[in-house]
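Participant: Let the hints inform the model, and build the full structure from the sequences given.
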Amino acid sequence: MRDAFSKCHPAVNFLFFVGAIGMSVVIQHPAYLLVGLLTGAIYYLLLNGKRGLKTILGLLPVFIILTVINPLLNTLGATPLFYLGSRPYTLEALLYGAVTACMFVAILLWFGCYNKVLTSDKFTCLFGNLIPSISLLLVMVFRMVPNFIRKTQQIIGARKSIGKGISETATTKEKLISGGTVLGALTGWALEGSVVTGDSMRARGYGTAKRSSFMIYRMTWADWILLAVMLTLLGVTIVAACSGQFAAEFVPAIELAPISWGLAAYTCYLLIPPALHIKEAIQWHISRSKI
Amino acid sequence: MKKSNIATLIVFFLLLPVTLFLGSKLPGRGYYITGTAIIIELMIPFFMAFEGRRPQARELVVIAVMCAIAIAGRSAIPIPNFKAIFAIIMLSGIAFGPEAGFMVGAISAFASNFFYGQGAYTPWQMMAYGAGGMLAGFCFANGRLPKKPLTIAVFGFLATILWVGPLLDCSHIFLMVSVINWNSIIAAFVSGFPVNLSQGICTVLVMLLFGRPLLDKLDRIKVKYGMMEDENGL
Numbered sequence: 058m059r060d061a062f063s064k065c066h067p068a069v070n071f072l073f074f075v076g077a078i079g080m081s082v083v084i085q086h087p088a089y090l091l092v093g094l095l096t097g098a099i100y101y102l103l104l105n106g107k108r109g110l111k112t113i114l115g116l117l118p119v120f121i122i123l124t125v126i127n128p129l130l131n132t133l134g135a136t137p138l139f140y141l142g143s144r145p146y147t148l149e150a151l152l153y154g155a156v157t158a159c160m161f162v163a164i165l166l167w168f169g170c171y172n173k174v175l176t177s178d179k180f181t182c183l184f185g186n187l188i189p190s191i192s193l194l195l196v197m198v199f200r201m202v203p204n205f206i207r208k209t210q211q212i213i214g215a216r217k218s219i220g221k222g223i224s225e226t227a228t229t230k231e232k233l234i235s236g237g238t239v240l241g242a243l244t245g246w247a248l249e250g251s252v253v254t255g256d257s258m259r260a261r262g263y264g265t266a267k268r269s270s271f272m273i274y275r276m277t278w279a280d281w282i283l284l285a286v287m288l289t290l291l292g293v294t295i296v297a298a299c300s301g302q303f304a305a306e307f308v309p310a311i312e313l314a315p316i317s318w319g320l321a322a323y324t325c326y327l328l329i330p331p332a333l334h335i336k337e338a339i340q341w342h343i344s345r346s347k348i
Numbered sequence: 572m573k574k575s576n577i578a579t580l581i582v583f584f585l586l587l588p589v590t591l592f593l594g595s596k597l598p599g600r601g602y603y604i605t606g607t608a609i610i611i612e613l614m615i616p617f618f619m620a621f622e623g624r625r626p627q628a629r630e631l632v633v634i635a636v637m638c639a640i641a642i643a644g645r646s647a648i649p650i651p652n653f654k655a656i657f658a659i660i661m662l663s664g665i666a667f668g669p670e671a672g673f674m675v676g677a678i679s680a681f682a683s684n685f686f687y688g689q690g691a692y693t694p695w696q697m698m699a700y701g702a703g704g705m706l707a708g709f710c711f712a713n714g715r716l717p718k719k720p721l722t723i724a725v726f727g728f729l730a731t732i733l734w735v736g737p738l739l740d741c742s743h744i745f746l747m748v749s750v751i752n753w754n755s756i757i758a759a760f761v762s763g764f765p766v767n768l769s770q771g772i773c774t775v776l777v778m779l780l781f782g783r784p785l786l787d788k789l790d791r792i793k794v795k796y797g798m799m800e801d802e803n804g805l
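Sequences listed follow chains A and B, in order. Heads up: the first sequence begins at 58 in the working numbering, then just goes up one per residue. Heads up: the second sequence begins at 572 in the working numbering, then just goes up one per residue.
Read the hints as simulated data drawn from the structure, not as lab findings. It cannot be assumed that every hint is accurate.
Mimicking DSBU-like on lysine-lysine, the simulated pairs with C-alpha atoms at most 35 Å apart in a straight line are [stated by the list, open to error]:
1. A:Lys-232 / A:Lys-208
2. A:Lys-173 / B:Lys-654
3. A:Lys-217 / A:Lys-232
4. A:Lys-107 / A:Lys-208
5. B:Lys-596 / B:Lys-718
6. A:Lys-336 / A:Lys-64
7. B:Lys-718 / A:Lys-208
8. A:Lys-208 / B:Lys-654
9. A:Lys-173 / B:Lys-596
10. B:Lys-718 / A:Lys-221
11. A:Lys-64 / A:Lys-347
12. A:Lys-217 / B:Lys-718
13. B:Lys-596 / A:Lys-232
14. A:Lys-230 / A:Lys-208
15. A:Lys-336 / A:Lys-179
16. B:Lys-596 / A:Lys-179
Facilitator: Have a look at this one:
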């Protein structure tokens, strides 16, 4: 089953991720960061299933390393835990390291979701009118990469059949030279083809008039409502941030702003995609059990 | 005045100061957002100039082909962690000029991240790769540097470890280092150095062994079809 949020208009998806990732970079308050981390992890799991769990577990060492490294570089802080030579290893610096690590992992997770939701076709659909030549360039690259990888395999196969293949035990030098020859053959073939493609495009009238673009996505009323809800929640969060609710100081002493309504708005905002996903899953389950 | 020149002026005299001013008011890792916004704004004039002069179909396809080869190149060489991407970007810059070099670098960084995953580093990567391609194009335009295997190899090595690599490390500094001071910046550059060095060695090998043959192929296309001849190196 496809993710419900991915079915929305690309503009809605893009704006959501700009908000989610942008906010998580600015925030230093541990409560808000934890919310960002947890919602990101939930959505990542919903999108990726069991494989997602593996990735999240793989991020744990990153989190720990980033946390313990900070006090080594930054010795400010009131409560030293122990001394390394003459340099104190402080609790405040350790907590600050944890906050940095938390932010870093949250951003990685949200970018992981972004990669699943905002596919290349959605990106070119969003920006096709704004930057026509560059999005045409991108579309061509997306088409060529798999094509070239296939061609590379064909060239390697052809070389093998005339006795120029490389075995698994070949030295690095042999592999390098053979790889370079393949790369050269690929380049020659691809460039020759490119000029033919270009001429063919010109013959069919490329560049004679403004390009029109085919939009597969339309803003439905559901998209507009979702957009309105999103922008309201994001606006409330930004107001909360401006009124100092996100403030947090770690060095030299820990000072956290009290938690208030800003957290609720921020949580609701980040829960939009997982909530849509779960709602769709429940509806699907109910309509299936009726059959 | 041309549209792209106006865009450049707007970026430098309006957007950049406003970003810096607003960015200094952001809490937390605001400097990451500021830095990334500046990187993106710096790339706008290049992209505007490219869009503004309505590139010909041939030119578009050739740039697309070079990007795709830069990305797909790793499937040709069966050595793990061997990246020919920098070498191919720089060779495109050398053969087709600074602007094409920038476009090949920026677009291949962006497009390859659709295959390997976008991240907070994407704009920095686009800028760094693009800057590498542009530098190559600029240094070799009008015969400023001879296009000999040794020259391009040395250039590729130095450009990778002193220019492209450190630019990439900047995104690390802004995102992962918790307190920014001279010590942590130097630590980040030092920890990034082995990676940059290995990339540099890959670039040297490709340039030394295949730089000249690949350049010949690119030049041959230019001569055969009479392409991109008005390129005069800025």
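Participant: Any of the earlier hints contradicted here, and which numbers?
Facilitator: 5 and 13
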